[in-house]
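Numbering (the working numbering), first residue to last: 1 to 164.
It is worth saying that the hints were derived from the structure and are not from the lab.
Hints are supplied without guarantee of correctness; some may be wrong.
Stated by the list, open to error - Calculated cross-link-like contacts (lysine to any residue; reagent style SDA-like; alpha-carbon spacing at most 25 Å):
no., residue 1, residue 2
1, K76, K47
2, K47, Q59
3, K77, Y32
4, K85, I4
5, K65, A80
6, K77, R137
7, K85, F147
8, K65, K142
9, K77, Q61
10, K142, E62
11, K142, Q59
12, K142, Q154
13, K85, H25
14, K77, T125
15, K77, T24
16, K142, G161
17, K142, A153
As the list claims (entries may be wrong) - Distance ranges between label pairs, derived from CB positions:
no., residue 1, residue 2, range
18, E140, P164, 43 to 51 Å
19, V17, A52, 18 to 26 Å
20, I98, Q61, 35 to 43 Å
21, N160, R42, 54 to 62 Å
22, R87, Q61, 54 to 62 Å
23, I8, A37, 36 to 44 Å
24, L141, H70, 38 to 46 Å
25, A37, E62, 31 to 39 Å
Since the structure is predicted, the reported quantities are computational estimates derived from the model, not experimental observations.
Idealized CB from N, CA, C, for every residue including glycine.
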Amino acid sequence: MNLIRMGIYAVIAAAVVAVLAAITHGIYTHGYNAADAKWLKRETERKDIELASIQEELQAQEILKGQYEHEKQLLKKGHADEIAKSRALSAAAPRLRISAEICGELAVEAEADRAGGSNGGDPRTRLVPERVDQDFRALELKIEHVFAGCRVAQGHLQQNGMAP
């Protein structure tokens, strides 16, 4: 009988160990799954927040892009207006005259261009040759092009409070 009892105790002990192992495994698996679910939930929330932040940043960049494009168009228009003024003034300006004492050769050359001479109303000055006048006007427009850009930029800076 003792042997049977010992066999029964061994079977009961094995059953208890098996039940405890199953319970431990179940608790571990449940705990792991719960922890994994919490981590997955936190990770999903973090990714959602990051995605929302990225979308907000992209929207802000699009708004800025539109503002910059608008400002760029205003600057281009201002520059074109300044250049148009300069061209109109240059076109309306009379042909360049210089003193005969300063540049005698050019004055003689200019006089040869016209049958009636180039003294016009002022005998102390002479008209410069047409090619020199054209070169001078082209140089003047190039310089005005740069100055117009500077004036527009300065106006923009003052308008936006970035300069006194």
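Practice problem: Could you tell me which of the hints above the structure violates, numbers in ascending order? | Solution: 1, 3, 4, 8, 10, 11, 13, 14, 15, 16, 18, 19, 20, 21, 22, 24
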